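Fit chains V and B to the known structure of chain H by using the hints.
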Amino acid sequence: MVGVAPAPAPARRRGPRPPAPPGPEREAARAAARRGALIGLPPLVTMVLLFAVPLGIVAVYSVATRGRTGRTELADWNLDAYARLLEPLVLEIAGRSLGYAALTTLLCLAIGYPFAYWLTTRRPGVRAVLLVLVMLPFWSNFLVRTYAWRVLLGSDGPIVTALAAVGLGEVRLLFTPFAVVLGLVYGYLPFMVLPLYSSLERLDLRLVEAARDLGATGWEAFRRVTWPLSRPGVVAGSVLVFIPSFGAYVTPELLGGSRTTLVGSFVVRQFLSARDWPFGSALSMAILVVMLAATVAYFRAQERRS
Amino acid sequence: MRTLTHRGRAAAVLAVTALLAAACTGGEDESAAAVCAPGETDGDLLLYNWNDYVDPDLVPAFEAAYGVEVVEDYYTSNEELLARVSAGGAGYDVVVPSDYAVAIMVEEGTLLELQHDAIPNLANLRADFTDPSYDPGNAHSVPYLWGTTGLGVNTALLGDVEPSWALVFDPEVAGALPGRVSLLDDPREVLGAALHYLGLDPNTTSEEDLQRAADLVAAARDWTAAYDSGTYEDLLLSGEVVVAHGYSGNFLEAFDGAEGYAYVVPQEGATVWTDAMAVLADAPHPCTAHAFIDFVLTAERGAALTEYIYYPSPNAAAEALIDPEILDDPAVYPAPATQERLQFLRDTGEFETRYTDLYVEATS
Amino acid sequence: MSTVTGTGSTARGAGRRGARREPEAVRPQGRAARLLTGHGWLTFAFLYLPILVLVALSFNDNRFVGVWGGATLRWYRELGSEPAIFDALRNSLVVALVSTVLATALGTAAAISLDRFRWRGRRAFDGLLFLPVIVPDVTLAVMLLLLFVQVLDLLAAVLGVRATFGLGTITLSHVAFNVAFVAVVVRARLARLDPRLEEAAADLYAGPWRTFRHVTLPLIAPGVAGGALLALTLSLDDVVVTSFVAGPGSTTLPVYVFGLIRRGVTPLINAVSVLMLAGSMLLVVVSLALQGRRGGGAVRAAVPGRT
Chain H
846 MVGVAPAPAP
856 ARRRGPRPPA
866 PPGPEREAAR
876 AAARRGALIG
886 LPPLVTMVLL
896 FAVPLGIVAV
906 YSVATRGRTG
916 RTELADWNLD
926 AYARLLEPLV
936 LEIAGRSLGY
946 AALTTLLCLA
956 IGYPFAYWLT
966 TRRPGVRAVL
976 LVLVMLPFWS
986 NFLVRTYAWR
996 VLLGSDGPIV
1006 TALAAVGLGE
1016 VRLLFTPFAV
1026 VLGLVYGYLP
1036 FMVLPLYSSL
1046 ERLDLRLVEA
1056 ARDLGATGWE
1066 AFRRVTWPLS
1076 RPGVVAGSVL
1086 VFIPSFGAYV
1096 TPELLGGSRT
1106 TLVGSFVVRQ
1116 FLSARDWPFG
1126 SALSMAILVV
1136 MLAATVAYFR
1146 AQERRS
Chain V
16 MRTLTHRGRA
26 AAVLAVTALL
36 AAACTGGEDE
46 SAAAVCAPGE
56 TDGDLLLYNW
66 NDYVDPDLVP
76 AFEAAYGVEV
86 VEDYYTSNEE
96 LLARVSAGGA
106 GYDVVVPSDY
116 AVAIMVEEGT
126 LLELQHDAIP
136 NLANLRADFT
146 DPSYDPGNAH
156 SVPYLWGTTG
166 LGVNTALLGD
176 VEPSWALVFD
186 PEVAGALPGR
196 VSLLDDPREV
206 LGAALHYLGL
216 DPNTTSEEDL
226 QRAADLVAAA
236 RDWTAAYDSG
246 TYEDLLLSGE
256 VVVAHGYSGN
266 FLEAFDGAEG
276 YAYVVPQEGA
286 TVWTDAMAVL
296 ADAPHPCTAH
306 AFIDFVLTAE
316 RGAALTEYIY
326 YPSPNAAAEA
336 LIDPEILDDP
346 AVYPAPATQE
356 RLQFLRDTGE
366 FETRYTDLYV
376 EATS
Chain B
11 MSTVTGTGST
21 ARGAGRRGAR
31 REPEAVRPQG
41 RAARLLTGHG
51 WLTFAFLYLP
61 ILVLVALSFN
71 DNRFVGVWGG
81 ATLRWYRELG
91 SEPAIFDALR
101 NSLVVALVST
111 VLATALGTAA
121 AISLDRFRWR
131 GRRAFDGLLF
141 LPVIVPDVTL
151 AVMLLLLFVQ
161 VLDLLAAVLG
171 VRATFGLGTI
181 TLSHVAFNVA
191 FVAVVVRARL
201 ARLDPRLEEA
211 AADLYAGPWR
221 TFRHVTLPLI
231 APGVAGGALL
241 ALTLSLDDVV
251 VTSFVAGPGS
261 TTLPVYVFGL
271 IRRGVTPLIN
281 AVSVLMLAGS
291 MLLVVVSLAL
301 QGRRGGGAVR
311 AAVPGRT
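Chains as they are written, first to last, in the working numbering: chain H, 846 to 1151; chain V, 16 to 379; chain B, 11 to 317.
Please keep in mind that the hints were generated in silico from the structure rather than gathered at the bench. Just so it is clear, the structure is predicted and the values come from calculations on it, not from any experiment. Keep in mind that the hints are not guaranteed to be accurate.
To be verified - Listed next, the stretches of chain B that the computed footprint assigns to chain H, with coverage defined by at least 3 CB atoms under 8 Å from CB atoms of chain H: (1) 47 to 56; (2) 85 to 93; (3) 99 to 107; (4) 171 to 182; (5) 290 to 298.
Note that CB positions come from ideal geometry on N, CA and C, so glycine has one too.
Only chain H is shown next, with the shape it has when bound in the complex (with noise of 0.2 Å):
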């Protein structure tokens, strides 16, 4: 499959393929070339059916009509779901949301920073030991994990007590915008500790040493030199966290209360107790459209930058 003409086809490359000269050689490209999307055509078809095909379905869906009933008309094609979009109440749900995923990459970046850099600094037979151990906990169930922050947080829970008992008197935890952010820092945590720990990991110490004899401070050679060159691993971290909270469903469901309605629970909403699919399939498009631009962007950036 692989043999004739590997083509090694950087993934990274942009522009147009070179032209292929003439004779046996652009014979055997076209025949790579074949092969290619002969190996590519199951995987294509899938994707096509399965997530292609849906998205079209939504965009569809996005421009009927609600029924009297709550059942969708595929009739008097409008765009008043995407006039929607615009509404006060809206935008403030997406303001929150966009506030919450940033808030929440924040505080991973914040302690899983120092954390990867310190699991890179233990003796290599540790840090496998180490590593595993930051996994173990997220290979529980997701529900399990948050639903156990429920009874943390209760007021009859070990930490209300404990600050009870401190003399911080009575502290409401549970069903606030606090629990909802603890709730995603801690699903989404090692999101952000597994890529930091990669490219800290791979990071040649020896640029940090140099900065140090040339006279840099152990917060200049970070700032100047360690910083800059993990940045990889915090791009891909904070984007692996920023996606998932944004569009956090389950997390805000268990911990949130009032005032902590995210996108997520919107959109579902919609689709229940509102029955208007034509509005909840708008959303879906508006969030998949923003996660896509803010994504593309946001790599766009990073790479300018270094």
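Below, chains V and B alone, put in the same frame as chain H:
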């Protein structure tokens, strides 16, 4: 293969078009359902019911009596049921929607017209349940249980309180409680409660009235801990809240053996609801479904159901078998004076989205 | 678009480079080191606190979690009398295994096709494969629900067969999001392979299939294993998508647990959770043992947790 992109794109477009065309035309020709004899079965029963809504003996008893198996799945709200069912292809036989959901499903044509001849135990129904407003003549549904939506109160902490929505909406009362409250996570129930408290129609389609109710709910955020439709009894019993908005039977079941709690129906009026058994239009086993409905309507099963989950029964024959203590408990069977102030929630059609919008706005 | 692969490659690059250098040399010294170490252990405490509480409370002889009522095994015994749990577990395993096998095969093919060949439509495919990585669960759930509604209607109209939602729709949905994740992990591995190895095999007159079978596949095996583990975990963890496309008798374990949580059936949830945790640990230990020293990266690549 060279033009794969173009072809791929064309294929995708074609596929979507084909699917939509099918969606517009398909699904009309439901063949006429076979006639079922009383007690006839045509396969295993696929039951889609509320969480925790049968007594544990009912399903095994049905399985033993009819020699079929029962596959049970659960939902936690009518909306979940509607989302699954109105799309078609849900694949269940019997579902248990509440009153307004029955009306919606009848209008959408997702329910089978019942063959009353196959359900002789219909005769056991109380007279006031034989012609419900949401489904005249029980043409498509048969009442399963009914109940009220009210407030569970921690009386150990609050003492004897006046049964009123003020417990969750009045800043003077609710704001001064020695704890917080929880409301159902349900736009119609929460706004309905607020409308009752304001003395307005709980099924209002007046934007102005609804806005007043929403303002009330928004103001209540300060002492509302959570909007929760599944665990409010636990929140109340674990002390997380001192007043919880919820369904009568759930509270009474949770209070069994716990001192210092009471369920009250607010004096301003409250929601009364009937959950009804219905058969889906595309049910794979309609006869087993009818047999099941008939089985539930027997006096013994009706009594066992009510004794287990503390929701009142629409079954007159069952009342003779129900523990008198339950029968006389006004928390289970509301007193006549209370009954007069109870109202069904009805589907408000296009206005329904306003309820959701204002609810989300008020709570978020 | 393909920048996400960077994630995979960084996440997987870790393993064996460590031994080459002297970590001691740049260990932060003094106060900074103590701070870092303190932070490290605190973070571990944060990660494990809920797990410990969960395990402890599963032995609590009190229906209410906050109050310790003595130790008991009764919740575990009660689990035994809940056949629904075992049905859900069986459904979960069936869906996870089938969808993982399909997604791994398809994802690996996608990775090879995109990384080793240039063909028209490649860029578009690349973009399409990127979308499932960034689409929120809820959106994907909605998309798949609408898709299956249409497909089932179509089947009913064309073939006259009324298919229903169930394990089939759940499995296909899991394939839908897992192909992309497998492809990301495998591509990261491919990107680090020296194409000259394959060229060499071709020069030695190995046919394309033999080259793939004897050179490429063994080299990317850790990536494929990592992708499969990731797919397995995502599938076993999914609630949102599954609950949208489930049908009669197809409740999976996470959906069942979500139901328990929403009903507030506390100690039972704890007992189920502890068993699930024990099961996952077993899986980790087994996969570590299988991978041995050579491909530890696969486990690392398999970070669970969508939702």
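Status of the hints after comparison with the structure:
1. For a cut-off of 8 Å, the count of residues in the region 47 to 56 of chain B with a CB near a CB of chain H stands at 6, and the three-residue condition holds.
2. Beta-carbon proximity to chain H at under 8 Å applies to 0 residues in the region 85 to 93 of chain B; the threshold of 3 is not reached and the given coverage is violated.
3. Restraint check on the region 99 to 107 of chain B versus chain H: 0 residues with Cβ-Cβ distances below 8 Å, three needed, restraint violated.
4. Only residues whose C-beta sits within less than 8 Å of a C-beta in chain H count toward coverage, and the region 171 to 182 of chain B has 1 of them, not enough to reach three; the restraint is violated.
5. Counting residues of the region 290 to 298 of chain B whose C-beta lies closer than 8 Å to any C-beta of chain H gives 5; at least three are required, and the coverage claim holds.
In this structure, the hints that do not hold are numbers 2, 3 and 4, in rising order.
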